[in-house]
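Asker: Here's the letter readout for the chains.
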Amino acid sequence: MSPSPRLWVSDVLAGNIREHCARAYPHECCGALLGRDLSFLAMDPDIDVRTIPREVLALFPLVNRREDSPRNRFSVTADDVRAAERAAQEQSLEVLGWYHSHPDHPARPSEYDREHAWPWYSYVIVSVQAGSPAEMTSWRLADDRSGFTPELIEPMRDPAAGSSAQEAHDAR
Amino acid sequence: MPVKVMIPTPLRPYAGKHNSVEYKAATVADALRQLTSQFNDLKRHLFTEDGKLRSFVNVYVNDEDIRYLAKEGTPIKDGDTISIVPSIAGGD
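Residue numbers (our numbering), protein chains in the order written: chain Z, 1 to 172; chain C, 173 to 264.
Because the hints were derived from the structure by calculation, they are not lab data.
Treat the hints loosely; a few may be bogus.
Straight-line Cα separation of at most 25 angstroms, SDA-like style, residue types lysine to any residue; simulated pairs [stated by the list, open to error]:
| id | chain 1 | residue 1 | chain 2 | residue 2 |
| --- | --- | --- | --- | --- |
| 1 | C | 224 | Z | 8 |
| 2 | C | 224 | Z | 115 |
| 3 | C | 215 | Z | 8 |
| 4 | C | 189 | Z | 41 |
| 5 | C | 189 | Z | 50 |
| 6 | C | 215 | Z | 120 |
| 7 | C | 215 | Z | 114 |
| 8 | C | 224 | C | 178 |
| 9 | C | 189 | Z | 8 |
| 10 | C | 243 | Z | 80 |
| 11 | C | 243 | Z | 78 |
| 12 | C | 215 | Z | 143 |
| 13 | C | 189 | Z | 115 |
| 14 | C | 243 | Z | 83 |
| 15 | C | 189 | Z | 119 |
| 16 | C | 176 | Z | 82 |
| 17 | C | 189 | Z | 143 |
| 18 | C | 215 | Z | 116 |
| 19 | C | 243 | Z | 41 |
| 20 | C | 215 | Z | 119 |
Bound conformation, chain Z alone (with noise of 0.2 angstroms):
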């Protein structure tokens, strides 16, 4: 069995993602994780490049667009993965993938979040509980789309340029 796939995590920026989720309840939450892929670092070609951590140094946080039933779905529009974008190269960073809440449902994704997801993303998925965040996991869909690969949050130091972008995005 090939090895998890990891994502570097701050505590604060993991604190950050939960506050978020608690404070959308009963509704999901989403938003975007900027930062950098390192499997570029890999020289050796037989190194399986999804082992190789990648670090999320800041958060881009969402409105979500589902208005019909923003309890159990979510939505980012092309614009606000656009919008993502930008932030992310305004900081020498890439969209690496996104968060959203689960309202008293597991952090483990459904059916819909598999029909619905793109490769190479990592999907953190936050279970919040009566509105009070639990379990976060991360997760990354098979290259045949026929399921999730679990992919390991380990903390990392906070980065100083953690909370540039969220500052600026809840300044609007």
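Please build the complex by placing chain C on the supplied structure of chain Z, with the hints as guidance.
Answerer: Chain C only, in chain Z's frame:
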């Protein structure tokens, strides 16, 4: 001058790590057909099993969403840029 097709980050591993590729094409469908012929692994991520563009795959010609033009039949001319832009959805 050919048209340029911009590949979004999550699809680059399936497209030879290219940021963009260029084709001679008359319509969006024609360009996407050439793209998925060259990089067969892209097909399952862009199209459903019955050959329709997936709902979360957005295609722009220059800055115009093809849903508001002639969809995949949208004509393109030399020098145009086709962008594949993700939208993201999910839920419990």
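Asker: Checking one constraint from the list: CA of residue 176 of chain C to CA of residue 82 of chain Z, max 25 angstroms. Satisfied?
Answerer: holds, 18 angstroms
Asker: Is the straight-line distance between the alpha-carbon of residue 189 of chain C and that of residue 41 of chain Z 25 angstroms or less?
Answerer: holds, 14 angstroms
Asker: Would the pair residue 189 of chain C and residue 50 of chain Z pass a check requiring their Cα atoms to be no farther apart than 25 angstroms?
Answerer: At roughly 14 angstroms apart (the allowed maximum being 25 angstroms), residue 50 of chain Z and residue 189 of chain C satisfy the hint.
Asker: For the pair supplied as a hint, residue 215 of chain C and residue 143 of chain Z, is the alpha-carbon distance within the 25 angstroms limit?
Answerer: holds, 12 angstroms
Asker: Given the hint that residue 189 of chain C pairs with residue 8 of chain Z, test it: the Cα-Cα distance must not exceed 25 angstroms.
Answerer: Holds, because 23 angstroms separates the two Cα atoms, which is no more than 25 angstroms.
Asker: Given the hint that residue 224 of chain C pairs with residue 178 of chain C, does the C-alpha gap stay at or below 25 angstroms?
Answerer: It holds: about 20 angstroms lies between the C-alpha atoms, which stays within 25 angstroms.
Asker: Please work out if residue 189 of chain C and residue 115 of chain Z have their alpha carbons no farther apart than 25 angstroms.
Answerer: holds, 24 angstroms
Asker: Given the hinted pair residue 215 of chain C and residue 120 of chain Z, is their alpha-carbon gap at most 25 angstroms?
Answerer: Since the Cα atoms of residue 215 of chain C and residue 120 of chain Z sit roughly 15 angstroms apart, the hinted pair holds (cutoff 25 angstroms).
Asker: Between the alpha carbons of residue 224 of chain C and residue 8 of chain Z, is the straight-line distance 25 angstroms or under?
Answerer: Violated, because 36 angstroms separates the two Cα atoms, which is more than 25 angstroms.
Asker: Hey, residue 189 of chain C versus residue 143 of chain Z, does the alpha-carbon distance stay inside 25 angstroms?
Answerer: holds, 15 angstroms
Asker: Hey, residue 215 of chain C versus residue 119 of chain Z, does the alpha-carbon distance stay inside 25 angstroms?
Answerer: Judged against 25 angstroms, a Cα distance of about 12 angstroms means the pair holds.
Asker: Between the alpha carbons of residue 215 of chain C and residue 114 of chain Z, is the straight-line distance 25 angstroms or under?
Answerer: holds, 17 angstroms
Hints 1, 3 and 19 from the earlier list are contradicted by this structure; the remaining hints agree with it.
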